[in-house]
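Knowing the structure of chain A, use the given hints to seat chains B and C on it.
First to last, the protein sequences are chains A, B and C. FYI, in our numbering the residues of the first sequence are 1070 to 1367. FYI, in our numbering the residues of the second sequence are 1070 to 1367. FYI, in our numbering the residues of the third sequence are 1070 to 1367.
It is possible that part of the hints are untrue.
Note that the list lumps identical chains together, so a pair holds whenever it fits in one copy or between two copies.
Within a straight-line C-alpha distance of at most 25 Å, the following computed SDA-like cross-link-like pairs (lysine to any residue) qualify [what the hints assert, rightly or not]:
# : residue 1 : residue 2
1 : 1071      : 1115
2 : 1149      : 1295
3 : 1083      : 1332
4 : 1083      : 1274
These are calculated hints, taken from the structure and not from any lab test.
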Amino acid sequence: MKHLIDIKALSAEKITALFAQAQQFNQTPIKETRKLHQGRSAIALFFENSTRTLTSFQLACQRLGIDITALNIEHSSTQKGETLCDTLLTLNAMQTDLFIVRHQQNNIQQEMSSWLNNETSIINAGDGTNQHPTQGLLDLYTIWQYKQDFSTLKVAIIGDIKHSRVANSLMDGLNTMNVGEISLFAPDELIPSKTKHLKASDMNTCVKDADVVVMLRIQKERLPEDLNVDFAQWHEHYGLTNERLKLAKPEAIVMHPGPMNRGIEISDEVADGSQSVIWQQVRNGVLMRQALIHKILS
Amino acid sequence: MKHLIDIKALSAEKITALFAQAQQFNQTPIKETRKLHQGRSAIALFFENSTRTLTSFQLACQRLGIDITALNIEHSSTQKGETLCDTLLTLNAMQTDLFIVRHQQNNIQQEMSSWLNNETSIINAGDGTNQHPTQGLLDLYTIWQYKQDFSTLKVAIIGDIKHSRVANSLMDGLNTMNVGEISLFAPDELIPSKTKHLKASDMNTCVKDADVVVMLRIQKERLPEDLNVDFAQWHEHYGLTNERLKLAKPEAIVMHPGPMNRGIEISDEVADGSQSVIWQQVRNGVLMRQALIHKILS
Amino acid sequence: MKHLIDIKALSAEKITALFAQAQQFNQTPIKETRKLHQGRSAIALFFENSTRTLTSFQLACQRLGIDITALNIEHSSTQKGETLCDTLLTLNAMQTDLFIVRHQQNNIQQEMSSWLNNETSIINAGDGTNQHPTQGLLDLYTIWQYKQDFSTLKVAIIGDIKHSRVANSLMDGLNTMNVGEISLFAPDELIPSKTKHLKASDMNTCVKDADVVVMLRIQKERLPEDLNVDFAQWHEHYGLTNERLKLAKPEAIVMHPGPMNRGIEISDEVADGSQSVIWQQVRNGVLMRQALIHKILS
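Here chain A stands alone, though its shape is the one from the complex (with noise of 0.2 Å):
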């Protein structure tokens, strides 16, 4: 593995070793899993706000053992009219082992490899609302503590679908781990037109008999201008209450990728219920990172 920068590229054989890095990484004292990587380097290109990733990614690194310098983008030659090539082959000729990319556009980190000529390996960490790869990955990690066997699970994912990268890359490594079924509801604007997947008619549908809920953000950052969304009835169309979670299995679990815009998406007695795996989800994301860049570098 020498880029992660479309989840499609990994197989179900390569997704569930992760998983076992991920575990054995859980069950390792980072004093020694820093010893694993002493002399490598990361440099994070990140030209989208972020605190939860970048974090995630630092910590990651440092856990490895790896040093990682984030670029901070807003003073960068790219202001200089330097083109986004030269400053990609100017970090690359310091002779750095990794690049960890979130930009606006998508599929930028497949164009960057290229320059690179594949030498130095890139991690996506988001284009656009086209993918994001290691929040799909970490999704799914948490997915399979909980159950284990994808084959016999409904998953629903309730929002924006349109614009999620979070939502294509989790479709995605659903698809190749075979999932039993993959069930989507949103406004009609927020749908994707082409997928092979369920559309429900209504949200308790959509819920009914899931083993897993996820809630995506509303982004209205992300929305295009002239869309009309109500977003103060949002919560009462779109949002996750106990009630409606109630026609989910009696084990569902809830999953958010964060930031939650509590009372939108979802309530806070869901939020902070007994069936909500969102801080579990934060803790896999070090622990996948940390599995992907040691797959990666080694």
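Below, chains B and C without anything else, positioned relative to chain A:
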């Protein structure tokens, strides 16, 4: 010791033990102290700007072998509508060992520790106008280095005492150490209405026979907007000059938490004079924070 | 060697020793070099934006095992009215080993070293339009790698020489290395009035038979406001094209300090051509900074 949120939580014995630990770190090569906490991590969450305090904590952590990540709060998820509690629980789920938090709101760190169920340690790096306990500790440590016995000392504190978390933590700590006498001087509007300490009638009385003179920074940004303080004449009435310093004991030391407004609360001749221990305070800041973090994580 | 503030302070012997040290670091695994300065710390104080230079210093320090803290100057105490001298003395009191300083004011690092009583080392990472000595060293190192003997070389330098600290440090260093000939070309307003080097009458003359062609970045932000330079026609008159490059010696190398304005001072075909050593310069930047910091701290 799990947290340090308010200096009043520390007994004289605990404070004295921290002095001893700081002294020991002062004599130990960093190459050795860096081995103490390998694999531990800290997250600095500063909701207010800081150079000296943040850098001091960063160096203290580095010198103990702790990976410290300073979050860029301006870019954080709180801008995406996430609650402070969710931001904290998210970072906590990444299994860090210590949060170092500065915030403009009084008492917020106490609340944060309850959100964390007291699981993860919090050090208060300043909350509003309330407490700045590590500054208090480094100030006590500095006084102790020069004077040893607190019970015979007169400590003069001059400036905006009412809005100063530095003064609050120092006065609380001096009380715990059974200080001889604290004398305060400020314009009436800037002195706490309730205080058990002596309010001097004029600056000369305040400084007279003092063993320690603490000058506070005028923080225009913290003053009530309608307060009518004449900053142009501040130095004349409330500034420490060599002439005034002569009223103190001959071996009196002069302290200032920095950053200094030279020519306002303190004259150049005093700031750079032989009685100034201002750089020693900064030096002690790193050592005391090392001592504190070491105790908390041990 | 205590500081590096001006490249003129370095003898040819010292510069040659730095070449040898950089070569050695190039052949040593980072895992080994990281053991050299464990426990040392550096503070990067950049009062001007930078990606490449700051990152280069950060990686150089990391690869020597030095903890480097890059201060966010926008948030710094200088905004709170603190003098630059007090900011420096504050950081110095935290017992760091090295300051790496970029500042818009010429000669400020010299002044800073006097404030520090020469106790702590300073490396100049660029001061105004005056000096950028580590860039000069990496440029010399790159020329040396390709050409070895400086005394027979013709070096052409083209662009805004007058406002270029890069050109200043390079010309000074080339003088020290006893270069054969330096030929300069620029619009009259952008060439220093006093220079002992040849001002070419046109670009072809400047480039003709050169062994090294150094293209400078047009820095619109550094030019006097009233200067009437036609940037639209810059490429035609002062840009390096393949056609012009043919006038140089067949083995001539092309250098640029970056970031490049492609299509202005340099054409794509030259920047990406076989004679370009631009990425090698960047690579050498980290190695040379490692070599320099190693010498200073040893």
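Query raised in the report: Between the shortest in-copy and the shortest cross-copy C-alpha distance, which are at most 25 Å for residue 1083 and residue 1274: within, between, both, or neither?
Result: neither (33 Å within a copy, 61 Å between copies)
- request: Could you figure out if residue 1071 and residue 1115 sit no more than 25 Å apart (CA to CA) within one copy, between two copies, both or neither?
  value: This pair counts as within: shortest intra-copy Cα distance 20 Å, inter-copy 35 Å.
Between the shortest in-copy and the shortest cross-copy C-alpha distance, which are at most 25 Å for residue 1149 and residue 1295: within, between, both, or neither? between (33 Å within a copy, 21 Å between copies)
Classify it for me, residue 1083 with residue 1332: is the Cα-Cα distance of at most 25 Å met within a copy, between copies, both or neither? neither (38 Å within a copy, 45 Å between copies)
Checked against the numbered hints above, the structure violates hints 3 and 4; every other hint is satisfied.
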